[in-house]
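Below, each chain spelled out in residue letters.
Protein chains: 2
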Amino acid sequence: MSSLAERKARLIVHGDRPYNAEPPLARLRAAYRTPAEDFYVRSHGDLPDLDPDTWRLAVEGGDGAARALSLHDLRTRFPQVTVTATLQCAGNRRADMRAVAPVSGDPWDAGAIGTAAWTGVRLGDLLRAAGVTEGADLHVAFESHDRVDGRPYGASIPLAKAMAPETLLAYAMNGEALLPEHGFPVRAVVPGFAGVRSPKWLRRLAVRDRPSDNPIQAEDYKLYPPDVGAETADPARGHTIDTMPLNAAICEPERGAALRAGRTRVRGYAVSGDRAIVRVDVSGNGGRSWRQADLEHAAGAPFAWTFWAVELDLPPGEHELAVRAWDAAGQTQPALPDDTWNHKGYLCACWHRVRVSVAAARIDGAIPGAHD
Amino acid sequence: MSSLAERKARLIVHGDRPYNAEPPLARLRAAYRTPAEDFYVRSHGDLPDLDPDTWRLAVEGGDGAARALSLHDLRTRFPQVTVTATLQCAGNRRADMRAVAPVSGDPWDAGAIGTAAWTGVRLGDLLRAAGVTEGADLHVAFESHDRVDGRPYGASIPLAKAMAPETLLAYAMNGEALLPEHGFPVRAVVPGFAGVRSPKWLRRLAVRDRPSDNPIQAEDYKLYPPDVGAETADPARGHTIDTMPLNAAICEPERGAALRAGRTRVRGYAVSGDRAIVRVDVSGNGGRSWRQADLEHAAGAPFAWTFWAVELDLPPGEHELAVRAWDAAGQTQPALPDDTWNHKGYLCACWHRVRVSVAAARIDGAIPGAHD
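Quick note, the sequences are listed as chains A and B, same order. Heads up: the first sequence is residues 1 to 372, going by the numbering used here. Heads up: the second sequence is residues 1 to 372, going by the numbering used here.
It is worth saying that the hints were derived from the structure and are not from the lab. Model, not experiment: these values are computed from the prediction. Beta carbons: idealized from backbone N, C-alpha and C, even for Gly. Mixed in with the good hints, there may be bad ones.
Unchecked claim - Where chain B lies over chain A, by a calculated footprint (3+ residues, C-beta under 8 Å):
hint	stretch
1	82-89
2	243-249
3	275-281
Stated by the list, open to error - Some chain A residues flagged as far from chain B (calculated, every beta-carbon gap over 12 Å):
hint	residue
4	Arg151
5	Arg203
6	Asp227
Stated by the list, open to error - Residues on chain A that point at chain B, a partial pick, calculated with CB under 8 Å:
hint	residue
7	Leu223
8	Gln292
9	Ala329
Using the sequences and the hints given, assemble the complete structure.
Here's what the structure looks like:
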């Protein structure tokens, strides 16, 4: 295994403590399943260093009994399943929201996202074994080993999502044990929800009659209208961010690329929290006209991203490429970030735009014999 | 029971054969559960006149065996359930799309929608009793007693949706037997999907390895990009309309209303195929600024609409009211119909706009004693 320092050197690092980093977009688009060392890292405290042999998960189910499960228990008491799913930070593409007005938080580009084959156990299997039954308006609260402002990281998800077949407690990513920065030895994977609801370095989970009262759940990661600022924001009135919106990004060419004349390959990803992607439009002129891209769907759809590609003939000059996706309900993305702007910079999902320049074509041989 | 002619007289009739009609919007907003005689009617052929005593539903399950179920069988062999759900036509609000370019089909206003408490049996219960098991990439094809261009009406839904707890075969609406125009004696109710997938006057259902080849399923009710016209549309490349998009409408005041000065109550509905409505914004100035409306959620959410209301202080003059909703994934509606325009006029879901005029206030008593 490479060292953490080596892996950091591969990424665009937004902060060291806590460690937050994302890959360059062209590398992100290179593989449908993102290699673990290219997968974005979002942490809220120092990375825990846990011993897998002594690690235990405390489980408080519906019956009041407390249980402690070892890694061996997870591997042997429940069916092992693998789900290919995309995880992304609620702040993915936050940098694009700054065009409207300043926002707080790290200026993520479109790389705070990744897709992996996650292997572990269904959280629903574990909960049913702990006596939990579906249907009631309950929540599953997670607590982790990392610490934020002196207390453990905590978040919760509705019981219905915890019981859904795509929701896992994962101990492997793309067939290997989790890396320390991705939650070793065990993390939650809640496909379609913002990454904040997939805690890493798990230590405890409990079924409760209300969402977690941890500040991560109760105060942070709330969505507000544009007219609510940091001073006036009332967390009780903010919308808790769970399901992620329809989004798409151009990964190639990169921003500011100087291209040669001729056909330009444009590639990227499209993603929706819980709906299939049915169409991706790409523009070479800032959205005045569009071409439909070819789509590469996953077995994991709708919980895994869709890769797309198209070739454009761009004349010499400056161009603004743009992409917008369409979901299975016929909805698409807004052109601009203005209406969805919020002071924390969450859920930026307007058209992704990339400016490029195309050099004038060299007309080799235009004057026959001129170079002879 | 009132006569069909009496009920027609209550509605805005777009066509008589087939019979298509919608209620005025203010009446639609008067009750959370739409009375059956105010519920929009969309039919593709003449209304069948069926005898409930001899009616049978042919069921072809996964085991090749054919079954015929009577109304008595449905009522006695399966648990009776009631689901409050919204149904709407894929062409709801089609009239608003004509601002961009002509579209085919009836010019529905925002009333091709309604919400009812549907009572019947879970389609999943019936399918499981017929030996169907979940998981495979299968479809449930319906066939009905009404005829379109000489063949029975037919449509299909994916097996996963057929097995979902919200999907019913319904024999009652708001506690009464279905009216003839709503599918007596038994119809499908597929919450969240376009109404076309909830066939009325059922006669047969079959589990198949592909969608129904009936023209209603295979050719009609497909979504195309704006640059595809009636002549170039290839149904195999169109997107099959199932889940309905986020939408909202102003039901009061009505278009062109002449209002008195003072506080104006603005009310309407918001709806999303399969996501909760978390916010509704209302504008008194065409979208330059917004007020958040109060929301009245249903027990049936996300499969039943959300009613909303707000009071605006409108000064004398002409005003354009507008409404936009936000779903649980942080997505909202487009301002204009341009990007979603399609030649069949489906899924119109841009901001709903209503122009009103407010009279100058009469200043009674402004000169004390003047009238004495």
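Quiz item: Can you give the numbers of the hints that this structure goes against, from lowest to highest?
Solution: 1, 6
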